[in-house]
Amino acid sequence: MGMIGLSIEILSRIIIVNLLILMCLAIYVIILHKRKNIQIRRDEKYLKEIQHGWYHYLINKGERADKRLVPENEDEIRVIEKILSSYLANISNPDIHKKIRSFSNQYLSHYYGDQLKRRKWSARMNALYRISDFQIDILLDDCKKQELKKCSKEEWLQLLKIYSKFDINSCIEKIIIEPVLFSEHEYRKLVLNFEQDHLERLLQVFDEVPRPCQFSIIDTLGLKRETDYVPFLEGLLHHEEAEIRIRLLKAIYESGWIINPETYLHFVHSSLWEERLMVTKLLGRLPLDETFSCFKILLEDESWWVRNQAAKTVGSIKNGKEKLQAFIQTSRDKFAIEMVNEILKKGS
Amino acid sequence: MDKIRESNQSGGMLLDERQAVRFFDVLKANVERSKTSMTAIFLTVHSQTIFRKEDEDFIDQGITSYLVSKIRQTDVVVKLSKPYQWAVILSQSKEEEAKAFLERIFNDVKDSDDRLFLIYDLIFSSGVAEIGNGDVQFEDLLDKGQQALANSSRTGDWVIEYVIDYKEKNMEEVKVSIIEEDEILTNILTATLHNISSDQFQLLIRMFQEGEDFLQSDWSSTSHTHLIIMNDILPRKNGLEVLHMIRKLPNNKRFIIYMMTKRNSEEDIIYAYESGVDHYIIKPFNIRLLEAQLKRTLERLWV
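Those protein sequences? They're chains A and B, same order as listed. The first sequence stops at residue 348 when you use our numbering, and every number in between is there. The second sequence stops at residue 1303 when you use our numbering, and every number in between is there.
With the rest of the complex left out, here is chain A (with noise of 0.2 Å):
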């Protein structure tokens, strides 16, 4: 009886000490809660205050930064980059691109200067960030001094963006260099945003950089759609790499461009499929009357794939269809044949 007393007292004492616990972590979750609360409030509160200013300064011909768009604090410099950020992912006049240039070197290079010593991964990732958008180049030998410290692959990344923008040598010779190994979708995220004169500065030492860096830099090109980049692709139709030559063939259809149609007609007979694949696809933005010797070829490919996309396009070209019902009526490839009355009964 005396212990059951006992463990009946140890047990409410648990639990006591167990809800004073829980209580004060109930509280401590309150007050985090309300200084959240307070602090979204005071952001949106200065938000509000503010915005109309910046589209004054950014819009409407303010030709100077009013001394109230001036931060005065972190939270308030928190608020000037949501700002900041709104108008470069939306708004690409370059007006207002050179104002956040300006403001941001003169009001916030100290800030994020500081914010690159600290030893918190984030902060510096988050400074590298504003730094390459807000172009903020009066801080890039602080970045230098970045390279010296021990750098994440990520940081390395952004290093390479900012010094694509202010330094377009040393970011060249870092690619060719490869500190860090870099995936394609990397590479690609960094020569996407490369200026004109930049991307051709790449384009001179193309044989040098790395085989991932090589394949954004063709799909790049692909999607930039211009007609300049186009001889460049061409010309390399003949590297000895396969998935070089299909990347090449993928960019020149996505470019919408043909200059030099004969360049590539010899990959109707190329041995890879992916190759015959591409160069259909390609031929679709010909006149058929010049193509269709080559489609006719190409609709009785061994290739499933190739032989699908070889209907697929002549089937959507003008009067293609007509020119498959022709092709019918001479094939003997049973399995062509197939395709293309699979294709024609899709279409009707």
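If you're looking for bench data, these hints aren't it; they were derived computationally from the structure. A couple of the hints might just be wrong.
[To be verified] Pulled from the structure, derived: some chain A residues nowhere near chain B, Cβ distances all over 10 Å:
| id | residue |
| --- | --- |
| 1 | I38 |
| 2 | N260 |
| 3 | N308 |
[Stated by the list, open to error] In silico SDA-like pairs for lysine to any residue, Cα to Cα no more than 25 Å straight-line:
| id | chain 1 | residue 1 | chain 2 | residue 2 |
| --- | --- | --- | --- | --- |
| 4 | A | K98 | B | I1282 |
| 5 | B | K1028 | B | Q1092 |
| 6 | A | K98 | B | E1183 |
| 7 | B | K1283 | A | Q196 |
| 8 | A | K98 | B | T1192 |
| 9 | B | K1175 | A | Y55 |
| 10 | A | K82 | B | I1233 |
Ideal Cβ positions, reconstructed from N, Cα and C, are used throughout, including at glycine.
Using the hints, position chain B against chain A.
Below, chain B alone, put in the same frame as chain A:
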């Protein structure tokens, strides 16, 4: 005279004053709906020769037939109850077109070898009233038109007198919905829209952060012209879903849709246009160009 009667058959419509009252209401409603002005021309004739009572019918009928032969099928000649007075209503026309019409008629009459004009040596006086809103009553218009005719006759021969009382268009309310999650961009767009001022329309702007909020609101169910500026990616019903829903509405032609997006692939753009987007804006975009585009879109509604 025979020549005039012959041409009657290929001309526009002829009404008397009583019939014209009802027909005028239809034309007036059309002015309001299509936001396009019409113009009423008042005409009278006089001469150095004194008209006899028996001339009245001959002149009235002759000129009525002549005017009917000169108008388009969309226009109307009204023979007013007072002798020697007519009104010609030119639909979808402004003062300038009415002036050109009258000059053509005046020159034609002056050069004409038709008996009607040769015998009586007729001189025209005229009044022109452009109608840009639906508030005017036919009786009031008639009074003003006849006053203009009196003034015109006093001023001289072949004079055109203008009535400006009904020219002004009613200000139209245009609804604008901005559907965008980013509050800062929403405010930039709102401020930009406030820069577009006009005396022809008033913008009623509302902001939504989610597609569903917009669809659930009764804001989209009225017959106002409705400009929508929305992002393609939105929480709770994205932009393309909102677009599909709008284009299924019976009043969908009232909506002018600008879609903002970060996607710039050929396929995405074509798909958006095929789905019913009117303007596809790739982010980041030039805000001044967008402002000019929006302004042009709105102005075109009142050409």
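CA of K98/A to CA of I1282/B, is that 25 Å or under? holds (21 Å)
Are the Cα positions of K1175/B and Y55/A separated by 25 Å at most? Holds: K1175/B and Y55/A sit about 23 Å apart, inside 25 Å.
Does K98/A pair with E1183/B here, judged by a C-alpha cut-off of 25 Å? OK: K98/A and E1183/B at ~23 Å, within 25 Å.
Just to be careful, I want the Cα atoms of K1283/B and Q196/A compared with a cutoff of 25 Å; is the pair within it? holds (19 Å)
CA of K82/A to CA of I1233/B, is that 25 Å or under? holds (19 Å)
Are the Cα atoms of K1028/B and Q1092/B separated by 25 Å or less? Distance ~11 Å between K1028/B and Q1092/B Cα, so the pair holds.
Going by Cβ atoms, does N308/A stay more than 10 Å from chain B at every point? holds (18 Å)
For the pair we were handed, K98/A and T1192/B, check the Cα-Cα distance against 25 Å. holds (20 Å)
Minimum C-beta separation from N260/A to chain B exceeding 10 Å: can you confirm that? Fine: 22 Å to the nearest Cβ keeps N260/A off the interface.
With d taken as the least Cβ-Cβ distance between I38/A and chain B, does d exceed 10 Å? holds (19 Å)
Checked against the numbered hints listed earlier, the structure breaks none of them; every hint is satisfied.
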